[in-house]
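Single-letter residue listing:
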Amino acid sequence: MTNQHPVLKAENINKRYGNQEILKGVSFELNRGDIKCLIGPSGSGKSTLLHCINFLVQFDEGRIWFNGSEVNYARKHDLYAYRQKIGMIFQDFNLFDHLTALRNVQVGLVRVRKMPKKEARNRALVELERVGLKDHVMKYPAELSGGQKQRVSIARALAMDPEVMLLDEPTSALDPELIGEVHSVIQDLARGGMTMMLVTHEIGFAGSLAKEFLFMDEGVILEQGPPERILSNAECDRTREFCAKINQLHRGSG
Amino acid sequence: MEELLFIRQEVAPALLRGLWVSIQLIVPSAICGLILGIIAGVLRVYGGPLLRRIAGLYVLFFRGFPLLVQLYLWYFGLPRIGIYLSPFVAAFFGFTFCSGAYHSEYVRGALLSIKAGQQLAAQSLGFSKFKTIFSIILPQAVRRALPGCGNELIYLIKYSSLAYMVTCIELTGEGKILASSYFKYTEIFFIVGGVYLVLVSFATWILNSVEDRVSIPGFERPQEGKRK
Amino acid sequence: MSSSQGLTAILEGLPYILPGIGVTMTVVGGALSMGLLLGLFLSVLHVYGNRPTRRLVGIYVWFFRGIPLLVLLFLFYFGILASLQIELSPFLVSIIVLGLISSAYQSQIIRGAILSLPEGQLKAARAIGMSDRKAIAFIVLPQALRLAIPGWTNEYTIIMKDSAVTYALGVAEIMARCNHVASRTYQHLWVYLLAGFLFLALTYVGTEVFRIVEEKVRIKGYARQEGQW
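Residue numbers (our numbering), protein chains in the order written: chain A, 3 to 256; chain B, 22 to 249; chain C, 1207 to 1435.
Honestly, the hints are just simulated from the structure, not real lab data. Backbone N, C-alpha and C fix where the C-beta goes; we use that ideal spot for every residue, glycine too. Among the hints, erroneous ones may be present.
Below, in silico cross-link-like pairs of lysine-lysine (BS3-like), each with a Cα-Cα straight-line distance of 27 Å or less [claimed, not checked]:
(1) C:Lys1422 with A:Lys87
(2) A:Lys87 with A:Lys120
(3) A:Lys247 with C:Lys1329
Now the stretches of chain B that chain C is said to cover, found in silico as 3 or more residues with beta-carbon under 8 Å [what the hints assert, rightly or not]:
(4) 151–159
(5) 207–216
If we take Cβ atoms under 8 Å as the criterion, some of the chain A residues that face chain C in the derived model are [to be verified]:
(6) Ser29
(7) Phe30
(8) Asn56
(9) Phe98
(10) Gly206
(11) Phe207
(12) Val222
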């Protein structure tokens, strides 16, 4: 039966760095199967918000619920279990440099989920094949292209069987010709029904994928709604301003 | 209490005596060693093949042999070929030549790290080789070599204690004599250790200040970071 | 200078001197290992510990890096151990003292290596749910230790040469034995030159071994230079 609770719910997240307020009372909800995209100018706090969701950044005020129950990060055991359920993809991949692609995907299974090595290896191979890297499993990060590295990191996150995927500018660090391969993997995930929260500058791509855009500026979610509405017919002035600029940029491109 | 005071009468003068000898050893050897190191380093980078060879051998042996062995060679070995050095002079030469070899490596590394383009640019402007080295290379190299050479000077402060092994009675030597006379090894050597700690800390502080003083953007002292 | 006398002295003395190599290597090996284990522990404390812990480690490092080896040897052997009435051989005391000093230096080498790793490594480990302890053990340290090998090689050469000082406590290593032979044969120059060459050779061999180890554990393309990513 349908779960009544949203998969992920954040309420009133506040984060300060010294005197600077990066996030001011941010709240949102993510239902199962939703794909939402955070857009906005640099420094608006999008990336920080993502990092707050899985407590990689400790926020000052606010609460987070996962499947209806509040996440208490003080209990380490619960925190680690929670993080396994939230997959995160970083802008600079953050692959473990001393491990092959295979071991990168395997290490979480063996060390965190305590799977037997053989089983973990098989699972890792499955995930890597799923992202199209069957022939590169024994390579080290230094031997892989940016696109390949990002795909490995997606495989690594998927191996943990997450219920939500957070993607923090997954293609920003890639050469243009490599972006396509990562996009296609993300599209596959979406087709499979993965719940996702995405931060990206690739507005066109996000528009085709996301159910909803959340426009952030200076630490606040100013507006949210379906992509078409936000991009061409936003309510907020600031939103319009931002979207006008990006429309200019993407004029003519899908 | 009385005992402590009495010992202060005996201990303090002896240790101060030793400290003075230590300082007389450390300062000249530090200066001479640094000069020797700079010469050797420069020769190794800019000298002709023969000079490079000689400097290279110098560094090989004076960095490869333990300092203690070198000291013994100066004090016990040289007499066998008719050269008799006093403990103090033997220690001085030992420290100078040994630290010189280490200094030369830092100097050499610093010189090599200066981009080749700098030299080319200077030459294209008409600088002589000498002027290039003096006005362009050296100011940068000094900043690069500073941490290494400074470190070496601090090592010298500690290794000066080995002078005792060639019967030059400096701080450690005085300490040993006192300790064995009064059977107060723990206390005396804690004090002796403490004095070295003070000297080393002071020298480190001076070194850091100098590094900060001469630092310019691009040549900063790597800052300590805290990780979480 | 009578070279024939010198050479005979060396040849006569070799059977006595050579076993000293074993003693020296044991002292060096023991001190390095102790320094590594203790230094590893200290470095993790120094990087990830709370303020008071980091303070304490800092004091430990300052103490053992600031006091000359000879003074520490005397302090421990004649002072502390005698006061506590613990009887340890000069051999053991030397290893312990050298080990303590080395741990102070090695903790800084490893710490430097850890700090040079990109922050993203730890972040990614946490993101897949690893506890900090696991992240440090399986992700941070395997990389940091590889980076620390050059510093470790340097540490080896330093301890190798410092081991000669333990002669002051009467440890029967190379220096002590050479001294014995020198005073008997009166060929100080030759004998001490021999001592020097022996240390030089041992240093060279050790450095080569470390170089091979570094090759063996090297990860392709994994050269952490500034600005390489």
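How the hints compare with the structure:
1. C:Lys1422 with A:Lys87: Roughly 37 Å separates the two Cα atoms, so the pair is violated.
2. A:Lys87 with A:Lys120: This hinted pair holds, its Cα atoms lying about 22 Å apart.
3. A:Lys247 with C:Lys1329: The hint is violated at about 33 Å.
4. 151–159: Violated - the segment 151–159 of chain B has 0 residues with a Cβ nearer than 8 Å to chain C, which falls short of three.
5. 207–216: holds (count 7)
6. Ser29: 23 Å, violated
7. Phe30: A:Phe30 check fails; min Cβ-Cβ to chain C is 20 Å, beyond 8 Å.
8. Asn56: At about 6 Å, which falls below the 8 Å cut-off, the nearest Cβ of chain C leaves the hint on A:Asn56 intact, so it holds.
9. Phe98: 5 Å, holds
10. Gly206: Since chain C brings no Cβ nearer than about 27 Å to A:Gly206, farther than 8 Å, the hint is violated.
11. Phe207: 23 Å, violated
12. Val222: The hint is violated - A:Val222 has no Cβ within 8 Å of chain C, the shortest such distance being about 25 Å.
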